[in-house]
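K.L.:
Residue-level listing of the chains:
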Amino acid sequence: MTDHSSPAPLSEASFFILLSLASGPKHGYAVLKDAEVLSEGRITLSVSTLYTSLGRLQEQGLIERLDVEDEEPAPGLPRKVYRLSRQGRAALEAEAWRLGRLLAAYNRRLGAEST
Amino acid sequence: MSERAPSFAQMLVRLFALALRFYPTSVRREYGAEMQAVFRMKVMDGAQQGAWKLFGLVWREMCDLPPAVVSAHVQANGGRMDAYFPFTSDRTPWGVSLLSLLPFFIGGTLRLILSYQPGWTPREQSLFYLLFLLLGTLVLLAGCALGSAKKFPRWAYPYPFYLAFSLSTLVGYAVFVFQLYFNSRNSFLFFLVVILVVLLLPGLRSFYSHIRQDWTLLSYGLYGFALYLLSTVDFDETPRLTLLVLLPSLISLLAALAHLRIRSAPVRISVLLVGTYVALFFWLLPIFQGMVSVWLGIVIGSFMLLGYGMLLTAILLAPILVSNAIHFWRTRQAAR
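Chains as they are written, first to last, in the working numbering: chain C, 8 to 122; chain X, 164 to 499.
Hints in this document: simulated from the structure, not taken from any laboratory. From a predicted model like this one, the values you see are computed outputs, not experimental measurements. Be aware that a few hints might be false.
Claimed, not checked - With a cut-off of at most 25 Å between alpha-carbon atoms, the simulated DMTMM-like pairs for lysine to aspartate or glutamate come out as follows:
| no. | chain 1 | residue 1 | chain 2 | residue 2 |
| --- | --- | --- | --- | --- |
| 1 | C | 87 | X | 287 |
| 2 | C | 40 | X | 208 |
| 3 | C | 87 | X | 253 |
| 4 | X | 216 | C | 47 |
| 5 | C | 40 | C | 102 |
| 6 | X | 216 | C | 102 |
| 7 | C | 40 | X | 399 |
| 8 | C | 40 | X | 193 |
| 9 | C | 33 | X | 197 |
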């Protein structure tokens, strides 16, 4: 059973970065674009925010930084990629569970009123 | 895309590479090249979508870079802000805080109120006004003496800077009232240097020695500039006394009060900056309103707000930047 006792809620930027990496390793630019698509254009990360978040997530052990395996990566693309760690996946699941609980609480109290 | 676009995009990438120098060396080594590559791709992408998109991404980067750089420095210091910008977490009691701001209220807000009263108007060579300036200066001098007797606690730091302004205004006004042939234009700098030299005397040096332990003390001292500036008024723009005349001075005093009550160094400094900008907005409002069109008022007003704001920001942040530079220099010396 998954342990949902996450120590602290994830920031929105961290959540979308982890969610983006859940489908496989990506380089910084791909994470940036994917976060924008996943948030339906609501989250547009700046490069400085992206790398502040990536550095922090890496330090917390939620993601790993790897060298690109291809011998010839596309020109201009960074030679490093980021991968979701097992701990990162657990944190993402815990956050989704927490958000789900919040939504359920909202629906119990106000969902019926608004319909 | 026009031919100019790629060179403009390249210039943005170069500027971003320069901005990365503000990051700690460890972060630059680890992520610098990658950040540049991602920024380059973002700019190329943005340039293809038009100037507005490009402006949006540059604006976002400009807004996000300063907090990211500060966060990176704190992170590089193991999360300890005080290791980099030494500060103490003292808090001035309410009574002392309010009393310490009373001379600035007398010399600033009350002076403004009086200067609109018949017989007190500065333009009419008022002797009452001159006497009031003298009284305000004496109150500040007394505050300064009390502060030095108490070995310069936080509340006393703006006194020397404000006193230099007060002495300079007093001399300038005396020259005007008595029609003296004396050039008092640079008297502020003269008084400031004299006061700062006097503070080097034995028994008064705690003014300087405390700053080494807490750089926010000097920032609060330099806030005396903002307190003074925001308690001045252009009688041509505002010929009648309204709340708007007093608001900048009152807001700057409120920010000073918040500074004395807050323990965290970043919040202490932030409250001074926010107070300065909000007070500046109201200080400049009569000038925006006096323009021939709304748009011209907004453009010139914003320009003046940025100009004054950036100058005061540079003054208030100068101690932290100097502390930063010393830290950087010492680290490099140690590395050699």
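K.L.:
Does each hint fit the structure? Answer for all of them.
P.N.:
Evaluated hints:
1. C:87 - X:287: Measuring from Cα to Cα gives roughly 73 Å; hence the hint is violated.
2. C:40 - X:208: Holds, because 11 Å separates the two Cα atoms, which is no more than 25 Å.
3. C:87 - X:253: At roughly 45 Å apart (the allowed maximum being 25 Å), residue 253 of chain X and residue 87 of chain C break the hint.
4. X:216 - C:47: Roughly 17 Å between the alpha carbons, so the hint for residue 216 of chain X and residue 47 of chain C holds.
5. C:40 - C:102: Judged against 25 Å, a Cα distance of about 22 Å means the pair holds.
6. X:216 - C:102: Not OK: residue 216 of chain X and residue 102 of chain C at ~32 Å, beyond 25 Å, violated.
7. C:40 - X:399: Outside the cut-off at roughly 54 Å; violated.
8. C:40 - X:193: The given pair, whose Cα atoms are some 22 Å apart, holds under the 25 Å limit.
9. C:33 - X:197: The hint holds at about 13 Å.
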